[in-house]
Amino acid sequence: MKILLDKISFDIETYIRNGGYLAIKKAFSMKPAEIIEEVKTSNLRGRGGAGFPTGLKWSFIPADKKNKYLVCNSDESEPGTFKDRELINKNPHSLLEGMIIAAYAIGANEGYIYIRGEFAKEARILEKAIYEAKKKWFLGENILKSGFSFNIKVVRGAGAYICGEETALLESIEGKKGQPRLKPPFPAIVGLYGGPTVINNVETLATVPWIILNGGKAYSAIGKGKSSGTKLFSVSGPVKKPGVYEIELGTPFKDFFENQLGGMKEGERLKAVIPGGSSVPVLTAEEAMKVTLDYESLQSAGTMLGSGGMIIIPERQCMVEALWILARFYHHESCGQCTPCREGTGWIEGILKRILQGKGKREDLNNAKEIAQNMMGKTICPLADALAMPVISYINKFEKEFVYHLEGKCPLCQK
Amino acid sequence: MMSEEKIKKEYERIESLSKNPQSTLLAMLHFIQKEKGFITEQDAEYLSSISKIPYSKVKAVMTFYTMYNLKKTGIHHIQICRNLSCHMAGAPALKKIIENELSIKEGEVTPDGLFSLTEVECLGSCGTAPVIMINETYHENMNEEKLKALLKELKEKNENTTR
Ligand SMILES: Cc1cc2nc3c(=O)[nH]c(=O)nc-3n(C[C@H](O)[C@H](O)[C@H](O)COP(=O)(O)O)c2cc1C
Ligand code: SF4
Ligand code: FES
Chain A
101 MKILLDKISF
111 DIETYIRNGG
121 YLAIKKAFSM
131 KPAEIIEEVK
141 TSNLRGRGGA
151 GFPTGLKWSF
161 IPADKKNKYL
171 VCNSDESEPG
181 TFKDRELINK
191 NPHSLLEGMI
201 IAAYAIGANE
211 GYIYIRGEFA
221 KEARILEKAI
231 YEAKKKWFLG
241 ENILKSGFSF
251 NIKVVRGAGA
261 YICGEETALL
271 ESIEGKKGQP
281 RLKPPFPAIV
291 GLYGGPTVIN
301 NVETLATVPW
311 IILNGGKAYS
321 AIGKGKSSGT
331 KLFSVSGPVK
341 KPGVYEIELG
351 TPFKDFFENQ
361 LGGMKEGERL
371 KAVIPGGSSV
381 PVLTAEEAMK
391 VTLDYESLQS
401 AGTMLGSGGM
411 IIIPERQCMV
421 EALWILARFY
431 HHESCGQCTP
441 CREGTGWIEG
451 ILKRILQGKG
461 KREDLNNAKE
471 IAQNMMGKTI
481 CPLADALAMP
491 VISYINKFEK
501 EFVYHLEGKC
511 PLCQK
Chain B
125 MMSEEKIKKE
135 YERIESLSKN
145 PQSTLLAMLH
155 FIQKEKGFIT
165 EQDAEYLSSI
175 SKIPYSKVKA
185 VMTFYTMYNL
195 KKTGIHHIQI
205 CRNLSCHMAG
215 APALKKIIEN
225 ELSIKEGEVT
235 PDGLFSLTEV
245 ECLGSCGTAP
255 VIMINETYHE
265 NMNEEKLKAL
275 LKELKEKNEN
285 TTR
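Top to bottom, those sequences are chains A and B. The number in our numbering is simply the position in the first sequence, starting from 1, with 100 added. The number in our numbering is simply the position in the second sequence, starting from 1, with 124 added.
Extracted from the complex, chain A is given alone in its bound form (with noise of 0.2 angstroms):
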């Protein structure tokens, strides 16, 4: 079953012969109240990461207000994930369409799209799609004669993570610095240019047409239990197959790496298994194949889904090196606010580093989880979360490699 990347549509003109653009058609009959109903009986969850009910979180915006917004987060710079990026090349005007929909629904006559500043080229097809969906009045003033107006605006990050975070990326299309606002107030009171503003990730509002013109039910049907629709999982490391899949939530790790993934590239083994992104823990292989690809498997397996940035890691890579490159990231992106965020991801990144040229100290692994420990929930946005809960998994999981470096001899690295 697949719904985003079922047709594959560069231009309007394929994708209309796809069938797109007959749900706005159909949602313009409904009342607004009732889309976000349907959105809401579909159990869509938010596909950025944090997987929040969409339908949910659309009901926020107070329905009488002006100057409501619709901001589309394309900024993908979680490490592992690739997934939006493919999904603008190859159908862009799902977004589009998704957009216009989620705009009616909650009432916002102006949307933006936020995407990361290195994709030039996607840009280019966004602004593009923008032009041909403009000429085809299906967006502009009044609508195929709907009496609803909607414009969209691409904006251009310029190489940032934290502008991911929802409240960072507000700050960053207002022309500031992308630092994350403290909450409450959420953007569905206070949002861009301090109009409510709902904030929703390319591949959640790419699926919203389809549910339109299926019904939320139809959506609600596919997947695991509450897991419901298909995902979009980009996949790196030595498989046979890397890519961008979608899949049915609720699908067995071990078919999906088996069957589609094409199992591990000759000569290589597999040993852990990030299953959404850099900031979940980590999954060792045999833990791994014991999941099935959902909400509530990841959780019970003490990871997440996150953004299905799945990254697959094999025996050749030593996981003090891995967790020491991811914490080079997380202090490079900490945008420096909140202490516990700036100085822990710092401390965490040089205890690594230490450890992984053999001068660490038995007493190193202890400290490392502590700050670790003592970084959780007690900052402006999850960012120090992110690199936290990696921290003490792979120091847990994997402590032997760990152990290796103290003692001098990790087999996997020739320092």
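The calculated lysine to any residue pairs, modelled on SDA-like cross-linking and capped at a C-alpha distance of 25 angstroms, are:
1) B:K183 - A:C438
2) A:K125 - A:K253
3) B:K270 - A:V344
4) B:K133 - A:E227
5) B:K130 - A:V254
6) A:K365 - B:K270
7) A:K509 - B:A217
8) B:K176 - A:R256
9) A:K253 - B:T190
10) B:K143 - A:R224
11) A:K453 - B:V244
12) A:K166 - B:Q146
13) B:K158 - A:Y231
14) A:K221 - B:I138
15) A:K228 - B:M257
16) A:K253 - B:K181
17) B:K132 - A:R224
18) A:K253 - B:Y189
19) B:K143 - A:A163
20) A:K277 - B:E169
21) B:K181 - A:H431
22) A:K221 - B:K130
Because the hints were derived from the structure by calculation, they are not lab data.
Dock chain B with the ligands against chain A, hints included.
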């Protein structure tokens, strides 16, 4: 430094499409950088003077975002991803090749001004690792052979290459 008229003209265009002067800032800095590959203090001061955005705010934004280069870069600005998937796919060896071929270290510019090299975090293209970005173009699934051919091709182009 970029011609002031050019900056002013672009500023007026973008400002007319924006909510307020401050919200033009990221796009303006991209525009200035596209011309020369980096942003000078004078450009930033000029932008502040026409937009009335305090210079301190322009500076804060310029230094916060890593894509803005505040030092001269080469005509071909090479950015190599250092995050996990690219690392596992051999990025460190590719970095060494670039350093050897160009006789520069990470963070430097070649004396002829043709190349500069910098390491960056995940470029959102991990499935085709290792990934290198040169100016605005992604080069995916890189290996030693492809990299050497690419560097050679770029060296042979003359200095008038548009970025
Ligand atoms: C440090 C950090 C980085 C994030 N990066 C992204 C991102 O690149 N893309 C994204 O959609 N969400 C990202 N998020 C999650 C957003 O804050 C937000 O939850 C999401 O965009 C909401 O959309 P959704 O409900 O459709 O998932 C990030 C969160 C944090 C804390
Ligand atoms: S947790 Fe880190 S990244 Fe998030 S606001 Fe605080 S300092 Fe910034
Ligand atoms: S790790 Fe290099 S592109 Fe993601």
